[in-house]
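There are 2 protein chains.
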Amino acid sequence: MADRLSKKLDDAALDQLFRIARTINVWTDKPVTDDQVKELYDLTKMAPTSANCCPARFYFVKSDEAKARLKPHLMEGNQAKVLQAPVTVIIATDMEFAEHLPTLFPHAPDAKDWFADPVVKETTAFRNGTLQGAYLMMAARSLGLDCGPMSGFDNAGVDQEFFAGTPFKSNFICSIGYGSEEGIFPRSPRFDFDAAAKIL
Amino acid sequence: MADRLSKKLDDAALDQLFRIARTINVWTDKPVTDDQVKELYDLTKMAPTSANCCPARFYFVKSDEAKARLKPHLMEGNQAKVLQAPVTVIIATDMEFAEHLPTLFPHAPDAKDWFADPVVKETTAFRNGTLQGAYLMMAARSLGLDCGPMSGFDNAGVDQEFFAGTPFKSNFICSIGYGSEEGIFPRSPRFDFDAAAKIL
Numbered sequence: 000m001a002d003r004l005s006k007k008l009d010d011a012a013l014d015q016l017f018r019i020a021r022t023i024n025v026w027t028d029k030p031v032t033d034d035q036v037k038e039l040y041d042l043t044k045m046a047p048t049s050a051n052c053c054p055a056r057f058y059f060v061k062s063d064e065a066k067a068r069l070k071p072h073l074m075e076g077n078q079a080k081v082l083q084a085p086v087t088v089i090i091a092t093d094m095e096f097a098e099h100l101p102t103l104f105p106h107a108p109d110a111k112d113w114f115a116d117p118v119v120k121e122t123t124a125f126r127n128g129t130l131q132g133a134y135l136m137m138a139a140r141s142l143g144l145d146c147g148p149m150s151g152f153d154n155a156g157v158d159q160e161f162f163a164g165t166p167f168k169s170n171f172i173c174s175i176g177y178g179s180e181e182g183i184f185p186r187s188p189r190f191d192f193d194a195a196a197k198i199l
Numbered sequence: 000m001a002d003r004l005s006k007k008l009d010d011a012a013l014d015q016l017f018r019i020a021r022t023i024n025v026w027t028d029k030p031v032t033d034d035q036v037k038e039l040y041d042l043t044k045m046a047p048t049s050a051n052c053c054p055a056r057f058y059f060v061k062s063d064e065a066k067a068r069l070k071p072h073l074m075e076g077n078q079a080k081v082l083q084a085p086v087t088v089i090i091a092t093d094m095e096f097a098e099h100l101p102t103l104f105p106h107a108p109d110a111k112d113w114f115a116d117p118v119v120k121e122t123t124a125f126r127n128g129t130l131q132g133a134y135l136m137m138a139a140r141s142l143g144l145d146c147g148p149m150s151g152f153d154n155a156g157v158d159q160e161f162f163a164g165t166p167f168k169s170n171f172i173c174s175i176g177y178g179s180e181e182g183i184f185p186r187s188p189r190f191d192f193d194a195a196a197k198i199l
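Same order as they appear, the protein sequences are chains L and Y.
Sequence positions in the first sequence follow numbering that gives the first Met the number 0 and run 0 to 199.
Sequence positions in the second sequence follow numbering that gives the first Met the number 0 and run 0 to 199.
Misleading hints may appear alongside valid ones.
In this list, chains with the same sequence are indistinguishable; a pair is considered to hold if it fits within one copy or across any two.
Claimed, not checked - Listed below are the simulated DSS-like cross-link pairs for lysine-lysine, each with C-alpha atoms no more than 27 Å apart in a straight line:
1. K111 x K6
2. K120 x K168
3. K111 x K197
4. K70 x K80
5. K6 x K70
6. K120 x K6
7. K80 x K111
8. K168 x K6
If you're looking for bench data, these hints aren't it; they were derived computationally from the structure.
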């Protein structure tokens, strides 16, 4: 039988996804179109979540007005680069994701009950919403877009500004666009295999 | 200036990473070599984490002995597929990741102090360890390997069996190998853009 996923991608693709891609601090003027944002979402949404719960919500902050709403909640060192980026997505989590399971996981009519325990629900929401945040970054890179992810902001302030009256909570934010070489930090060291992994 | 990340990957690559790839329940006999496991880690480790904190730890359960240690902690419905898979990785989180920041983030000697608050530390560990779990799955798919991620296991039991005496906690597990078409569920629906995203 042929392998389902054909073959290893070529080195240029692996470089683009993992090895050359870097966290960006300065952006070129090249815009990101709304069609690209939708293409990005359409890839992101396909990757797996537990019971297909899909708890992430993506708010793409693109207009000057929306950036002005985001700015006061950012750490000072992150403000200039977010204002300058073509788009910054707030990756949020729908803490009441389980309400959608009758639609998202139709073959298990009781799936909603699996998340009745509040700790299980919160853990599932955060874990799977975060997975989807990573999928978004990998999807961006696969579309030739650079990423600048950030945790340095006031989550409560962002939630109040963007998500009041909803069960959504901000997780992290990520600028997206075409990065300049300028302002990229020297690559920090990574753990060798034996320091972070084991084959048992 | 040329774009840093060259171009959008071709459709075959986007299919392999996002659109054709599926969660696998039945595995072919084709093995996964230790060299592939190390290649997988070497891609995974390059993707971004907050302050390069790299909190994920990867235990690749491959031998019959190690699978027998994992089995009693799995939900019954997951046992057969894990025993059958060439390898199942336990994605764990080092809750004391901050101890490594002097090595991992050398240009900010005070980075360890940023995570002194226990809630910030735990949230950072879980968020970034989970991002790395997603990177691992995307790296596997980019190497032509299928994934079968699972949350259906007893985390406390796995932690006791594999991580006693360490600050590591299991997050989720993921089988890796070459998937059979057999046992793949029909694709569950995804949210349309407007149901999960907004451009502001």
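Comparing the hints with the structure gives:
Neither within a single protomer nor between protomers do K111 and K6 lie at most 27 Å apart by alpha-carbon distance, with minima of 37 Å and 41 Å respectively. Taking the closest pair of Cα atoms, K120 and K168 come within 27 Å of each other both inside a single copy (14 Å) and across two copies (18 Å). With identical chains, the CA atoms of K111 and K197 are at most 27 Å apart between copies only, with a shortest distance of 25 Å across copies and 36 Å within one. Within a single copy, K70 and K80 get their C-alpha atoms as close as 10 Å, which meets the 27 Å cut-off; across copies the closest is 48 Å, which misses it.
Taking the shortest Cα distances, K6 and K70 never come within 27 Å of each other, neither inside one copy (44 Å) nor across copies (30 Å). Taking the closest pair of Cα atoms, K120 and K6 never come within 27 Å of each other, the shortest separation being 37 Å inside a single copy and 39 Å across copies. Proximity of K80 and K111 under a CA criterion of 27 Å is satisfied inter-copy only: 24 Å between copies versus 40 Å inside one chain copy. Within a single copy, K168 and K6 get their C-alpha atoms no closer than 38 Å, and across copies no closer than 33 Å, so neither meets the 27 Å cut-off.
Of the numbered hints listed earlier, those contradicted by the structure are 1, 5, 6 and 8.
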